[in-house]
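Chemist: Sequence:
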Amino acid sequence: MTRAKSFKRAVRARMEKTGERYTTARAQVLAKLGYRTREATAGSGYPFQPGVCGDTGAVRNWLAALSVRATGSADPLSEAMLTGLAGGVGFLYIVFEYTGTPPLLSVLTRFDSAADRFALGAVERLGLELDSLQTTSAKKARAALDAAIDAGSPALCVVDALALARTDPPSAMLGTAPTLVAVVGREGDDLLIDKGSSDPALIHADVFAAARAAFKKAKHHMVTAAPGHGHGDLSAAIEAAVADCARRYTESPYKGFASNFGLAGMEKWARLLVDRKDAKGWPTLFPEGARAGLALRRTYQGLEHELTPPHAGRGLYAEFLREAAPLTGNDRLAAAARAFDAAAERWRTISASIAECDVPAIRSGCEMLDTYAELLDAQAAEAERDELRGRLEAATGECELTRDDALELYASLRGQLLAAIEAERAAHAALLAAGEVQR
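Using UniProt numbering, read the sequence shown as starting at 1 and increasing by one per residue.
In case anyone wonders, no lab produced these hints; they're calculated from the structure.
Among the hints, a few may not be true.
Here are the simulated lysine-lysine pairs, DSSO-like style, with alpha carbons at most 30 Å apart [what the hints assert, rightly or not]:
#1 Lys255 x Lys280
#2 Lys217 x Lys140
#3 Lys217 x Lys139
#4 Lys255 x Lys217
#5 Lys17 x Lys32
Turn these sequences into a full structure, and let the hints guide you.
Modeler: Dropping the structure here:
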């Protein structure tokens, strides 16, 4: 049995026992198995372990292969620690509107909404001796990767996830889904790729080169590091990361988008859910039917699947804070962890209310998102994933939610969101209090 099938079976068993949804059960299985019990290799000496998120999971494995360890410990750095060092959590509410297509809602809950930069932020904050290459030359990029593989040095590479996963991705979407993977070896013409999944992926070198080139902004970004070198002051790195996370709650990383990020973004969302006069309000943008169904499903996707650990990532961030407290000698980080646990429960309530609502198309759509996550874990064939995507699109079009019922759902969702905002304010205050101790 492959590791992917074994892992999937363990997650399924927990789901049947607890009634948890796939992402929640998956995260709990990962937490309880423990790192060393899963330090199996693919004959390469490289520790493959599934991640809660693919990018942070791949980086965690990459650091473990380089023998980077937590201060005073023989254990590798945890994914929770890396997530926290990357900045942890954040919030972005945004709706994209293009002629000829329905408005597309995005709710993103990590510190950095740029998927290629998030995990690299943790690596850079660790203070390792890194060799970073960016070039517009595909030939030079490929030669550098070949040299790293020949030297036995695993390399982190920015790629376009769609180009990596599909043989013929839609041209309009190509280059819009950056992510971070680790290249750890070669088997013939194929590269051995760590995507943070249960098993390594074998991808033809030409396909991988095309995936690197597809996200042009990254300029074939590749990072390597010599093994055996320790990280810098971990306590100082934690303190800086916590301060950055607290700041992101009230400061936008981009000019002109202050109302979309952090607490302001949450409050904007709560207002727009029920504002019938604002053209950007949900009663106007997502009045009924397919548009309403898509908005609600995208909310669930943003809180549970899209570039996030379960429940808007607040539970995993709480785990980071619990690990950070003894490393820094700052007990207020443990208090902040409890506040983020409470926030996680509020976000879980929101996503559960959507996934378990009495609208068949929405409920089945959320179930299919969970199933798609299972297919990714199992590294299912492209045809199987495409078939599920087709059914998901069909379910969206079949949503028969009436305007009155949609408004009722939005009002209920707003009440839950206001409770989540209150919990987020408490969590933010706890981070600020921990920062006062650090200073």
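Chemist: Can you give the numbers of the hints that this structure goes against, from lowest to highest?
Modeler: none
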